[in-house]
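Residue numbers (this note's numbering), protein chains in the order written: chain E, 1 to 313; chain U, 314 to 579.
Certain hints may be false.
A few chain E residues that don't get close to chain U, going by computed Cβ distances all over 10 Å [said to hold, decoys possible]:
1) 74
2) 168
3) 304
4) 309
Result set (PhoX-like, lysine-lysine): computed pairs, CA atoms no more than 25 Å apart in a straight line [claimed, not checked]:
5) U/432 x U/494
6) U/529 x E/168
7) E/168 x U/386
8) U/382 x U/529
9) U/529 x U/322
10) U/429 x U/490
11) E/168 x U/382
12) E/168 x U/322
13) U/322 x U/386
If you are wondering where the hints come from, they were derived from the structure by calculation, not from laboratory data.
All values derive from a computational prediction rather than experimental measurement.
Beta carbons are placed, not taken as given, at the ideal position from N, Cα and C, and that holds for glycine.
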Amino acid sequence: MLELLTDHTFRTVFLGTAGIGAVSGAVGCFAYLRRQSLIGDVVAHSSLLGIVMFFLISYLITGEGNKSLLVLIPGALVAGTAALLLTRWIIQETRLKPDSGLGVMLAIFFGSGILLLRWVQRATPSIPGKRGLENYLFGMAAAMTESDLWMIAILGTSTILLMLLVWKEFKVFTFDPVFAQSLGLSPAWLDTLLLMMMVIGIVIGIQSVGVVLMIALLVTPASSARQWTGSLGAMVGLAAMFGAVSGGVGSLVSFNWPNMPTGPVIVLVATIVFLFSLVFAPQRGLVYRYAKRKRMAKEAQLEHQSSAVEGAN
Amino acid sequence: MSETSPALKINGLTVAYDSIPVLWNVDLSIDQGVMMGIVGPNGAGKSTLLKAVLGVVPRLAGRIEVLGKRFTKNRQQIGYVPQRTSVDWDFPTTVLDLVTMGTYGSLGWVWRPGAKQKKQAMEALERFELSEFAHRQIGELSGGQQQRAFLARALVQNAPIYFLDEPFAGVDATTEKAIVKLLQSLRDEGKTIVVVHHDLTTICDYFDEITLINKKIISSGPIDCAFTSNLLEQTYGGPIKNCGIDCGFRDAPVELQGLPGNSDDA
């Protein structure tokens, strides 16, 4: 275990997954508060199609499929954004309800993504570089290279910087969009920026976590953090920490059991943190609320008894 | 901002949700220093009127002037108090923080509120008797306290004009009285207060002027000429029993039934 920490490859992967967890945890708080987890899930699932398409394009151009994040993240961005725009269009133009629109779009994009992935894997003559492409379904952190890490670092850092810079606008817009607009803040801009932030938080994680479970890394740390604090700043900080821990542990497991997909492991760690928060957090936790009710019932009973005694006298 | 120009001047405002018109060719002028009630049945476009002026819902046509200048040049002059139920009160923030949001408009992008803004917010909280709640979660507030917090947030905007969307919805009688007193004291300081209001029985006590609206403006002006039973009948599309003229009808039934266009309030 200790020798792992000095291993260069492991360090790369560890830093990468922890960073991904931190960014998606922080960004996820806004998705959580704006009730946009389903939108995030559509982005995540849809990105598979973009990933396979850009892989194919790189194969057509160079003769070998490229699995570097430098190529695949732009693919994920394109497909994720296209899915969002199409969803918005279909909801505006038809009378489809937003959640149905999102569901339909997820099915179309993810279905096509899977289909294209299967075709790439079975195409004859065989496409060079296709091995491991299927790992984007459930994540394979160990596949991360140093150039991938750079890509994650640059996108992640700029996302967090953007969040800190536009913090107060994001906050008032998330809480009360109509009031924010009455202040003269452009809802179109803020909505786009917040969505962009979420999309980037998602696409940088798909290599390690996979498109199927990425949404869990976005929303679970935020849900856990909300249990412990009543301040948006603290919530974002805590969610980033929970996300980083989940990502870090996931990479450890991935290195010790090389054939285990990392996504489920990372998400399971995040879920354990969540369950603990759900039960034991002060104020909002189940234990606290149960104890408080019990105490209140006891107090009410005592008061009732003493007034009954007084009445008898 | 000249003394004589009206606080708000609306010309030919038309708003439609999809293909259904909500406001049709509305002309309205509100003088400075007036407390104005906007009254009409459900779906009459009362809230929409405020939102359309603020640009929150798109205008199909119309021109808005605020204190004699185009709205886009003077938007900071209007402080807005949305309906209390339009936000999620489980949002992780404190009461002080919520009220500080009122200063965001004057801060501009990127800049964070500092000591000065916090002080303004604390003063507003004091005026609304919420000081002891400053560091509590907004979720811990009662309905009336939430409404007061929203008003405090508008107060720190320090605008000459205030729009309030049903500030008395779901608050108890004591809170309602306290809010009215505060609004009237703001009016006495020379501010213009525009309130979307539902309760016909309190109009004469609360407002100087009234606008009756049902997609179009039915009447607008001082209470005794703009608030007659005849005009009320036109607004609500049916006779309103026991309605005396000129504020003599305080026993009027508030519950009105069988009226056309009773959809959710738009």
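Outcome of the hint check:
| no. | hint | in the structure |
| --- | --- | --- |
| 1 | 74 | holds, 28 Å |
| 2 | 168 | violated, 6 Å |
| 3 | 304 | holds, 26 Å |
| 4 | 309 | holds, 33 Å |
| 5 | U/432 x U/494 | holds, 23 Å |
| 6 | U/529 x E/168 | violated, 38 Å |
| 7 | E/168 x U/386 | holds, 23 Å |
| 8 | U/382 x U/529 | holds, 24 Å |
| 9 | U/529 x U/322 | holds, 15 Å |
| 10 | U/429 x U/490 | violated, 31 Å |
| 11 | E/168 x U/382 | violated, 29 Å |
| 12 | E/168 x U/322 | violated, 32 Å |
| 13 | U/322 x U/386 | holds, 14 Å |
Of the hints listed earlier, those the structure fails to meet are numbers 2, 6, 10, 11 and 12, in rising order.
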